[in-house]
Amino acid sequence: MNYTVINRDVQVGDIYLTAVTSSAIFLIGDADVINLSSAFDTPPESLIIGPLVPLTPKGS
Amino acid sequence: MKRLSMVQWLNSNTVLLSSVLQIGDSREINARSYVLAVQRQYEWFGGNEGEGAFPVFARSLPKLPVSAYVQTRRLNESPVLSVRSIHLIAVSTAAVVHIGSTSTIDADTRIKHIRQLSEPNIPFSLSLPQAAIRITKDG
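Chains as they are written, first to last, in my numbering: chain A, 1 to 60; chain B, 1001 to 1139.
Hints in this document: simulated from the structure, not taken from any laboratory.
A portion of the hints provided could be inaccurate.
According to the in silico footprint, chain A covers these stretches of chain B (three or more CB under 8 Å from chain A) [what the hints assert, rightly or not]:
1) 1001-1010
2) 1049-1057
3) 1091-1104
Pairwise CB distance ranges (calculated) [unchecked claim]:
4) 3/A <-> 1061/B: 45 to 53 Å
5) 45/A <-> 1085/B: 17 to 25 Å
6) 1014/B <-> 39/A: 32 to 40 Å
C-beta: ideal position from N, C-alpha, C; glycine also.
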């Protein structure tokens, strides 16, 4: 597959950003390869109501 | 060829946890951040707890199969990317802010979030851990 990009004049004024987080990117420029991932593990069981107990990962 | 990036004014407040603020060209950026976020109703930390491996941190990433070969041609009619001003409050957890061109960016974040609340109407002293209690919690 052939893919042609014509980059014409780009002039941007003011950019206001609150936050760039969790493997996000804010790029002013060119790039060849970008590979971003983020995994969140927050199942319903991660809310524990009861006596405070130490954290023990599965299998230990 | 890659374009020239011009930014007249950059105002950045906070950059943290394996984040990158790069001014100028780069070739390769690798950012990693593994977070165990524990919120407890009472201020209590049991020493070396949570040091074992939670599965989310060990899990390998699924790979996206790309079957088509793409031949890319880039014609830079204007060699400049121009921005007047950037106002940034925070860059966090393996995030990248890059003014300039790059070849490869690779970033990975894993977050394990746990919240522990005590049962209603139970005094603080009773909700503290007993030595013998150990429960396994993971999803």
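Taking a Cβ-Cβ distance under 8 Å as contact, does the stretch 1001-1010 of chain B have three or more residues in contact with chain A? Held - the stretch 1001-1010 of chain B has 4 residues with a Cβ nearer than 8 Å to chain A, which meets the minimum of three.
Looking only at beta-carbon atoms, does the pair residue 1014/B, residue 39/A fall within the given range of 32 to 40 Å? For residue 39/A against residue 1014/B, whose Cβ atoms are near 23 Å apart, the range 32 to 40 Å is violated.
Range hint 17 to 25 Å: satisfied by the CB atoms of residue 45/A and residue 1085/B? This hint is violated: roughly 45 Å between Cβ atoms.
Would you check chain A against the stretch 1049-1057 of chain B, counting CB to CB pairs closer than 8 Å, and say if three or more residues qualify? Coverage by chain A holds for the stretch 1049-1057 of chain B (7 residues, Cβ < 8 Å).
Is the listed coverage of the stretch 1091-1104 of chain B by chain A valid when you require three or more residues with a beta carbon under 8 Å from a beta carbon of that chain? holds (count 14)
Just tell me: holds or violated, for the beta carbon distance of residue 3/A and residue 1061/B against 45 to 53 Å? Violated, since residue 3/A and residue 1061/B (Cβ atoms, about 26 Å apart) do not stay within the stated range.
Comparing the model with each earlier hint shows violations of hints 4, 5 and 6; every other hint is respected.
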